[in-house]
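Given the structure of chain H, go ahead and fit chain V onto it with the hints provided.
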Amino acid sequence: MKSHYQDPAAAQSIERRTYAIIVDNEPGVLARIAGMFSGRGYNIESLTVTETEHDKHISRLTIITKGTAAVLDQIKAQLERLVPVHRVMDLSTSGPSIERELALIKVRGKGEHRMEALRLATAFGAKPVDATLESFVFEITGASEDVERFISLMTAIGLVEVSRTGVAAISRGAEGL
Amino acid sequence: MSTATARKASKAKTPSQKLSTKDGKAASAPLTMTGAEMVVKALQDQGVEHIFGYPGGAVLPIYDALFQMGGVEHILVRHEQGAVHAAEGYARSSGKVGVVLVTSGPGATNAVTGLTDALLDSIPLVCFTGQVPTHLIGSDAFQECDTVGITRHCTKHNYLVKRIEDLPRIIHEAFYVAAHGRPGPVVIDIPKDVQFKAGTYIGPKDIEHRTYKPRMDGDSTRIEAAVELMSKAKKPVFYTGGGVINAGPEASAALRELVRATGFPITSTLMGLGAFPASDPQWLGMLGMHGTYEANLAMHDCDLMINIGARFDDRITGRIDAFSPGSKKIHVDIDPSSINKIVKADVGIVGDAGRVLAEMLRIWRAKKLKARPEVKDWWGEVKAWRKRNSLAFRNSDTIIKPQYAVQRLHELTRNRDTYITTEVGQHQMWAAQYLHFEKPNRWMTSGGLGTMGYGLPAAIGVQMAHPKALVIDVAGEASILMNMQEMSTAAQYRLPVKVFILNNEYMGMVRQWQELLHGGRYSNSYSAALPDFVKLAEAYHAKGIRCSDPGELDAKIQEMIDYPGPVIFDCVVAKEENCLPMIPSGKPHNEMILPDFAGDIGNVIDAKGRGLV
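Sequence lines, in order, name chains H and V.
Under the numbering used here, the very last position in the first sequence is 178; numbers go up by exactly one each time.
Under the numbering used here, the very last position in the second sequence is 621; numbers go up by exactly one each time.
Next comes chain H alone, as it looks inside the complex (with noise of 0.2 Å):
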């Protein structure tokens, strides 16, 4: 029988995971999660945190992570155990899901470079949201590939400045968490 260590970690590929995590909207909520990933030395990608429940102050978090699957097992078991953690769903593995996220773009130029900017946020489905005479502030939605394209054609033209929100993500289908 062959030892469940034989292989170095090294070997183990790395994997990216997105998290659904339910949680009491208490004080200190965020810091007891962020305080968990830093303190075991885990990374966090992306998080998106807001009350979704009011009347119950439910709060969803979606973060997003990379590790080896033992890694990324322990995380969700780790914020399992945190007590205002009501449940931890694993959107990646759980089945299709979808993830979006939004950012805000501004881009400085003139002239022909200013119409360029216009004519590749209408490709991206990017809308003006903030226009001066040698500028646009542009809001995408999408996933995070497509942000991150639009981005680096952006920097080309003039980028200025980026605001972006962080993935939220939610599963496909009837079926809620």
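Check each hint, because a few of them may be wrong.
[Said to hold, decoys possible] One side of the interface only, derived from the structure: several residues of chain V facing chain H at Cβ under 8 Å: (1) 161; (2) 215; (3) 217; (4) 220; (5) 224; (6) 227; (7) 229; (8) 344; (9) 348; (10) 349.
[What the hints assert, rightly or not] Lysine-lysine pairs mimicking DSSO-like chemistry, simulated, CA-CA at most 27 Å apart: (11) H/77 - V/352; (12) V/352 - V/395; (13) V/616 - V/349; (14) V/170 - H/57.
[As the list claims (entries may be wrong)] Okay, the calculated bits of chain H under chain V, using three or more residues with CB under 8 Å as the criterion: (15) 24–31; (16) 147–153.
Hints listed in this document are in silico derivations from the structure and should not be mistaken for laboratory results.
All values derive from a computational prediction rather than experimental measurement.
Using N, Cα and C, we set each Cβ at its ideal position, and we do this for glycine too.
Leaving out everything else, chain V in the frame of chain H:
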């Protein structure tokens, strides 16, 4: 634990009417009282008899309520760290929740070490901390600190109570959270204005946490699968931990029955000692870094490891990629995050150790299962390892060997109602090796955090819970000085705790590691100006005994036992004795240093092992 504690809590005496409120109002009507009074009332309703604490500005209203309402005895310690360790000793020896009361700022920060200790060893505590009034929070007020921020990482859960309406629910919830599931410390931070504010008190009935509902019963198909593996195992070993102790005396009883029914060998972690009687022939002794040869080799060579309530700590596993390479592993733990955290389990069972053990036993008996005949050959191997006598040491008739001192202490106390606490270091390991425990809850030691200074305050807590028992803190001369001030507490409350110091003038374990890893360069591990412990004892209204002659040891230990008050026993032992056997850092279980090792001990550990702790 949970079961035991919960039962005790529900059985606890209801507060008598005269104690329930200051003015003697009937308890049936909604009770209006101040926040401070609610704290005391809630303690009464939770069946708390003793709390350990230290007053200060931000908790004065609670101290006033204690003074006026009574019903809960407060033990005044000399340092907040001592209060938390005392509550730990109290909790671990009695199965109840330990309760601590300290003030804001330094009161809270001094408690942090104790809270972390309780978190790592899964000890149920509720710690009340005072806080500056809500309108001053965040203003860097006098004795203000962000207590919930600081203690978030060293508690199972914590609360800042900003509204009087939340206070009674939070207190009862805190007791629930501390005792249920994997036990741990819970902090309740109460600003001073909330302590003064009046509100409606709610009793503990029906309060449980909205979301925190730990799983108690193990998954039945997995338990069946585990029992199936047990019936097929040729080289099985039980590896049990503090979880069995925490699950209450029923769990220890179930463990004994199951181990005897199967006939398998059993070893246990430092935290699990006492769950299985050390006098039983199936007992292999403690395992791990300073465990016995037979226990560690059984772990290394087994084909089935049955882990009940232990967590594969690095002191146990040694080199992880060489840990028990040929075995299937059953892991029972009440904390789901423990399973697969360090070592992958073939059968992971989340549940209370006592309930899972009882279910395993039921299935084993119902199916009339028997261990395979090969287990007999396995015992042959184990017995051969046992003959190696890994706890042997070369005794002396001129100087007291520390192992001999602990052996004699065991012999002279074994037939008494004895509870042992320890500090941290060589003496702790010798105590674990040479004191043999027959019952659970008799052994209180800082396992996970390794807190020097734990033993004396813990002994005070144990003595409060068991006033008639013989309570001994097996100590080192370095550790004991870390919380020596608690001798004053022992004196104040007439607690006859015995401090048995193995005095080698070194921080023995540090010195041993310097010998092993750093060429014997004893950097700052020798205490050149130790106090005269006999005079120190006298200064603390205790009796001091010194012994340096092995011939006089028995008589002097007896003198210590017979003395009705606190004693500091300064046992002058061999200075450079190493604590063996030992699995050196970075080595697997089958590469132990045994007491008859003849080579150069400074060259055992390679460069890679040197980097480990």
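Worksheet item: Is residue 77 of chain H within 27 Å of residue 352 of chain V, Cα to Cα?
Response: Cα-Cα ~16 Å, so holds.
Item to complete: Quick one: see if chain V covers the region 24–31 of chain H, three-plus residues with Cβ-Cβ under 8 Å.
Response: It holds, with 3 qualifying residues against the three required.
Fill in: Closest C-beta approach of residue 215 of chain V to chain H relative to 8 Å, hint status
14 Å, violated
Discussion item. Hint validation: residue 348 of chain V versus chain H, beta carbon distance must be below 8 Å. Holds or violated?
Written reply: Holds. Min distance 6 Å.
Worksheet item: Is residue 352 of chain V within 27 Å of residue 395 of chain V, Cα to Cα?
Response: 32 Å, violated
Worksheet item: Would the stated hint for residue 229 of chain V survive a check requiring a Cβ distance to chain H of less than 8 Å?
Response: 20 Å, violated
Worksheet item: Hey, does the residue 220 of chain V contact hint survive, CB to chain H under 8 Å?
Response: 5 Å, holds
Discussion item. For the restraint on residue 217 of chain V, tell me whether the closest CB of chain H is nearer than 8 Å.
Written reply: 7 Å, holds
Discussion item. Please verify whether residue 170 of chain V and residue 57 of chain H have alpha carbons no more than 27 Å apart.
Written reply: At roughly 19 Å apart (the allowed maximum being 27 Å), residue 57 of chain H and residue 170 of chain V satisfy the hint.
Worksheet item: Does the interface hint hold: is residue 344 of chain V within less than 8 Å of chain H, judged Cβ to Cβ?
Response: The hint holds - residue 344 of chain V has a Cβ within 8 Å of chain H, the shortest such distance being about 5 Å.
Fill in: residue 616 of chain V paired with residue 349 of chain V [C-alpha distance capped at 27 Å]
23 Å, holds
Worksheet item: Per the CB criterion, is residue 227 of chain V less than 8 Å away from chain H?
Response: Constraint on residue 227 of chain V not satisfied, violated at 16 Å.
Hints 2, 5, 6, 7, 12, 16 from the list above are not met by this structure, while the remaining hints are.
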